[in-house]
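Protein chains in written order, with the numbering used here: chain A, 630 to 794; chain B, 57 to 415.
Do not rely on the hints blindly, as some may be mistaken.
To be verified - Here are the computed lysine-lysine pairs in the DSSO-like style, where the Cα-Cα straight-line distance is at most 27 Å:
{"#": "1", "chain 1": "A", "residue 1": "K772", "chain 2": "B", "residue 2": "K400"}
{"#": "2", "chain 1": "A", "residue 1": "K687", "chain 2": "B", "residue 2": "K318"}
{"#": "3", "chain 1": "B", "residue 1": "K328", "chain 2": "B", "residue 2": "K300"}
{"#": "4", "chain 1": "B", "residue 1": "K328", "chain 2": "A", "residue 2": "K687"}
{"#": "5", "chain 1": "B", "residue 1": "K296", "chain 2": "B", "residue 2": "K213"}
{"#": "6", "chain 1": "B", "residue 1": "K296", "chain 2": "B", "residue 2": "K210"}
{"#": "7", "chain 1": "B", "residue 1": "K147", "chain 2": "B", "residue 2": "K89"}
{"#": "8", "chain 1": "A", "residue 1": "K762", "chain 2": "B", "residue 2": "K152"}
{"#": "9", "chain 1": "B", "residue 1": "K400", "chain 2": "B", "residue 2": "K296"}
{"#": "10", "chain 1": "A", "residue 1": "K754", "chain 2": "B", "residue 2": "K318"}
{"#": "11", "chain 1": "B", "residue 1": "K89", "chain 2": "A", "residue 2": "K663"}
{"#": "12", "chain 1": "B", "residue 1": "K296", "chain 2": "B", "residue 2": "K136"}
{"#": "13", "chain 1": "A", "residue 1": "K754", "chain 2": "B", "residue 2": "K152"}
{"#": "14", "chain 1": "B", "residue 1": "K136", "chain 2": "B", "residue 2": "K380"}
{"#": "15", "chain 1": "B", "residue 1": "K373", "chain 2": "A", "residue 2": "K772"}
{"#": "16", "chain 1": "A", "residue 1": "K687", "chain 2": "B", "residue 2": "K300"}
{"#": "17", "chain 1": "A", "residue 1": "K670", "chain 2": "B", "residue 2": "K89"}
{"#": "18", "chain 1": "A", "residue 1": "K687", "chain 2": "B", "residue 2": "K373"}
{"#": "19", "chain 1": "B", "residue 1": "K328", "chain 2": "B", "residue 2": "K380"}
{"#": "20", "chain 1": "B", "residue 1": "K120", "chain 2": "B", "residue 2": "K205"}
{"#": "21", "chain 1": "A", "residue 1": "K762", "chain 2": "A", "residue 2": "K747"}
{"#": "22", "chain 1": "B", "residue 1": "K300", "chain 2": "B", "residue 2": "K136"}
{"#": "23", "chain 1": "B", "residue 1": "K152", "chain 2": "A", "residue 2": "K756"}
{"#": "24", "chain 1": "B", "residue 1": "K300", "chain 2": "B", "residue 2": "K380"}
{"#": "25", "chain 1": "A", "residue 1": "K772", "chain 2": "B", "residue 2": "K328"}
{"#": "26", "chain 1": "B", "residue 1": "K328", "chain 2": "A", "residue 2": "K747"}
{"#": "27", "chain 1": "B", "residue 1": "K259", "chain 2": "B", "residue 2": "K152"}
{"#": "28", "chain 1": "B", "residue 1": "K400", "chain 2": "B", "residue 2": "K380"}
{"#": "29", "chain 1": "B", "residue 1": "K120", "chain 2": "A", "residue 2": "K687"}
{"#": "30", "chain 1": "A", "residue 1": "K670", "chain 2": "B", "residue 2": "K152"}
{"#": "31", "chain 1": "B", "residue 1": "K136", "chain 2": "B", "residue 2": "K318"}
{"#": "32", "chain 1": "B", "residue 1": "K136", "chain 2": "A", "residue 2": "K687"}
{"#": "33", "chain 1": "B", "residue 1": "K380", "chain 2": "A", "residue 2": "K687"}
{"#": "34", "chain 1": "B", "residue 1": "K373", "chain 2": "B", "residue 2": "K300"}
{"#": "35", "chain 1": "B", "residue 1": "K296", "chain 2": "A", "residue 2": "K687"}
{"#": "36", "chain 1": "A", "residue 1": "K754", "chain 2": "B", "residue 2": "K328"}
{"#": "37", "chain 1": "A", "residue 1": "K687", "chain 2": "B", "residue 2": "K152"}
{"#": "38", "chain 1": "B", "residue 1": "K357", "chain 2": "A", "residue 2": "K772"}
Calculated from the structure, these hints are not laboratory results. Remember, predicted model here, so these are calculated numbers, not experimental data.
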Amino acid sequence: MKQNRKAQIRMAETIAVIFIFFVIILFGIVFYYKYSEITAKQEREELVEAKATQIILKTLFLPEVICSRGEAEPLLTCFDLMKVRAAKNVMEDKFGEYYFNLFPYVTITLTEVYPTEKEWVLYDKPKPESKNKDVSHFIVTLKDEMRSSKEGIFSFGYLTVEVYS
Amino acid sequence: MEKKAQLQLTFNWIYILIAGVVILLFFVGIILKGQTVAEQSLEQDIVRIVESILIGAGVSENTKNFIDVSGLTDYILEFKCEDDFASLGIKGGAFKEIPIEPVFAPLELRTSGLILWSVPYELPFKVIDLLMATSVNTKYFVVGDGEFKEELEKAVKFEQGDRVRFNFDFEGNFDLGGNYQARVVYLEPIGSDVPGGLQGEEKVTAVDISGREITYYTAVNGRWAADGGAIPLISLPGEKEAAKYAAIFAGNAESYKCNMRKAFKRLEYVTKVYEGKLNELLEYYENPLADNQQNCKFILKEKKPDNMADVFNFQFKSWIVGCKTEARREDFSYCVGLLEPAEKLRNLNEELRSCIQLY
Numbered sequence: 630m631k632q633n634r635k636a637q638i639r640m641a642e643t644i645a646v647i648f649i650f651f652v653i654i655l656f657g658i659v660f661y662y663k664y665s666e667i668t669a670k671q672e673r674e675e676l677v678e679a680k681a682t683q684i685i686l687k688t689l690f691l692p693e694v695i696c697s698r699g700e701a702e703p704l705l706t707c708f709d710l711m712k713v714r715a716a717k718n719v720m721e722d723k724f725g726e727y728y729f730n731l732f733p734y735v736t737i738t739l740t741e742v743y744p745t746e747k748e749w750v751l752y753d754k755p756k757p758e759s760k761n762k763d764v765s766h767f768i769v770t771l772k773d774e775m776r777s778s779k780e781g782i783f784s785f786g787y788l789t790v791e792v793y794s
Numbered sequence: 057m058e059k060k061a062q063l064q065l066t067f068n069w070i071y072i073l074i075a076g077v078v079i080l081l082f083f084v085g086i087i088l089k090g091q092t093v094a095e096q097s098l099e100q101d102i103v104r105i106v107e108s109i110l111i112g113a114g115v116s117e118n119t120k121n122f123i124d125v126s127g128l129t130d131y132i133l134e135f136k137c138e139d140d141f142a143s144l145g146i147k148g149g150a151f152k153e154i155p156i157e158p159v160f161a162p163l164e165l166r167t168s169g170l171i172l173w174s175v176p177y178e179l180p181f182k183v184i185d186l187l188m189a190t191s192v193n194t195k196y197f198v199v200g201d202g203e204f205k206e207e208l209e210k211a212v213k214f215e216q217g218d219r220v221r222f223n224f225d226f227e228g229n230f231d232l233g234g235n236y237q238a239r240v241v242y243l244e245p246i247g248s249d250v251p252g253g254l255q256g257e258e259k260v261t262a263v264d265i266s267g268r269e270i271t272y273y274t275a276v277n278g279r280w281a282a283d284g285g286a287i288p289l290i291s292l293p294g295e296k297e298a299a300k301y302a303a304i305f306a307g308n309a310e311s312y313k314c315n316m317r318k319a320f321k322r323l324e325y326v327t328k329v330y331e332g333k334l335n336e337l338l339e340y341y342e343n344p345l346a347d348n349q350q351n352c353k354f355i356l357k358e359k360k361p362d363n364m365a366d367v368f369n370f371q372f373k374s375w376i377v378g379c380k381t382e383a384r385r386e387d388f389s390y391c392v393g394l395l396e397p398a399e400k401l402r403n404l405n406e407e408l409r410s411c412i413q414l415y
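Build out the structure end to end from the sequences listed, making use of the hints.
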């Protein structure tokens, strides 16, 4: 009888140890999962930010829209609006697949703020069912040689890049 | 009773031993799995970082960058471009497709320092930046004289010192000197034998750019063996011919052609944009109130035999379509036909100096 009781106590002890062991393991798993989730989120955000910077860079030097000057070096951070108007159709319609490799799920907009206020959507490909987007801006010069010299061919604006994730 | 206790004691030890081994194995498994995942993730990170370095360097034209990658000396970076599939990766490991940017680089690099150089490809307007990638331990021997040698000598000089191992005046002393690989650049017709100092070295290749054609060679038993046929140089003669520089850095004939095809593809799209601009210009100069209207309209659509609209629409554009198709069949000779209308467009654009220029 005495021995039986001792065995019962030992059994209860073992069960308690196993229970605590699994509780600790479970706690560890939950902790690791939460930690991984936060790290993954941070990495994702960093990646999206890096992508936005890359896309801004690519857009600023895009041969389709830069302000070229014949054989001379092109004007930096300047967009030729005559080319922008033509490029919009090329990039979105017929050759969309090619440009999708260059700018995956992104919206690129050019906004003129002075002397007039206008907006051109250069490329628009929002990610279906996307909930997050990273928005970046860059100040640029816009050139429209078809404007009269009185109006001035250069104007001031900014480039907006929205990267969907 | 004593016997039973002894038996129980032994059983307990065996039980502990088995449980211990199982637990140990479980953790060893986790560690091994973690190690594999970490290695894969490291490889992917490396590829991603190198890719973003390449893209960053590729977009800003005429820039030369030295990138310290001393942490990557254990890895062999592979630059592939075959059958219109281009990738950058770690040999036998992770890789990433590079579908747009033309990257001209040796097929393999194992280095502590990457050198990147971007030159705009113009035909006649800027089409894309050609990115050249090489390493501090890839040695280049330039054989031959002439204007291009002087131009190249100036072009490869780095502000921070001579990091690119370009050798111009080495008096026939070909020596790999502990470098990973060598490329002999012939600006004069190539001989049949591999130069003495490079005999027996495995990673030695050559490129002959003496004329308006490019031929690649590999070293086989001490002799140069042509890698494919001669590839016509699709570039307007002048200074800083990006396609010619690219030939120096491309790993082999296939890689050069594959990357040039990327440029031809982009040329079609950029041309479409200029077509839109040209139409807008033609419309604009119909207005008699436009500045310098008569002269500009004349160059754009009335000048005989060649005006901007005719050359662009009936010569240049039609050659592009054919060039793209033929280049896909490995034949670049058709693309040579592009050069004449491209040259005409360049001259006409110069004539438009007092008007709105096309590019």
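27 Å Cα cutoff - pair K296/B, K210/B = 11 Å, holds
Taking only the CA atoms, is the gap from K380/B to K687/A under or equal to 27 Å?
-> 24 Å, holds
Between K328/B and K747/A, is the straight-line Cα distance small enough, at 27 Å or below?
-> 24 Å, holds
For the pair supplied as a hint, K328/B and K687/A, is the alpha-carbon distance within the 27 Å limit?
-> 19 Å, holds
Given the hinted pair K147/B and K89/B, is their alpha-carbon gap at most 27 Å?
-> Status holds; Cα separation ~21 Å.
Holds or violated: are the alpha carbons of K296/B and K213/B at most 27 Å from each other?
-> Satisfied, since the Cα-Cα distance of roughly 14 Å is no more than 27 Å.
Proposed proximity, K687/A with K136/B (alpha carbon, max 27 Å) | Holds - the C-alpha atoms of K687/A and K136/B are around 23 Å apart, at most 27 Å.
Would you check the hint for K687/A and K373/B, treating anything up to 27 Å between C-alpha atoms as holding?
-> 26 Å, holds
For the pair supplied as a hint, K754/A and K152/B, confirm whether the alpha-carbon distance does not exceed 27 Å.
-> OK: K754/A and K152/B at ~22 Å, within 27 Å.
Does the structure keep K136/B and K380/B at a Cα separation of 27 Å or less?
-> 21 Å, holds
Quickly compare the C-alpha distance for K300/B and K380/B to 27 Å and report which way the hint goes.
-> At roughly 19 Å apart (the allowed maximum being 27 Å), K380/B and K300/B satisfy the hint.
Below or equal to 27 Å on CA atoms is what counts here, so check K373/B against K772/A.
-> 26 Å, holds
This entry satisfies every hint, going by the numbered hints stated previously.
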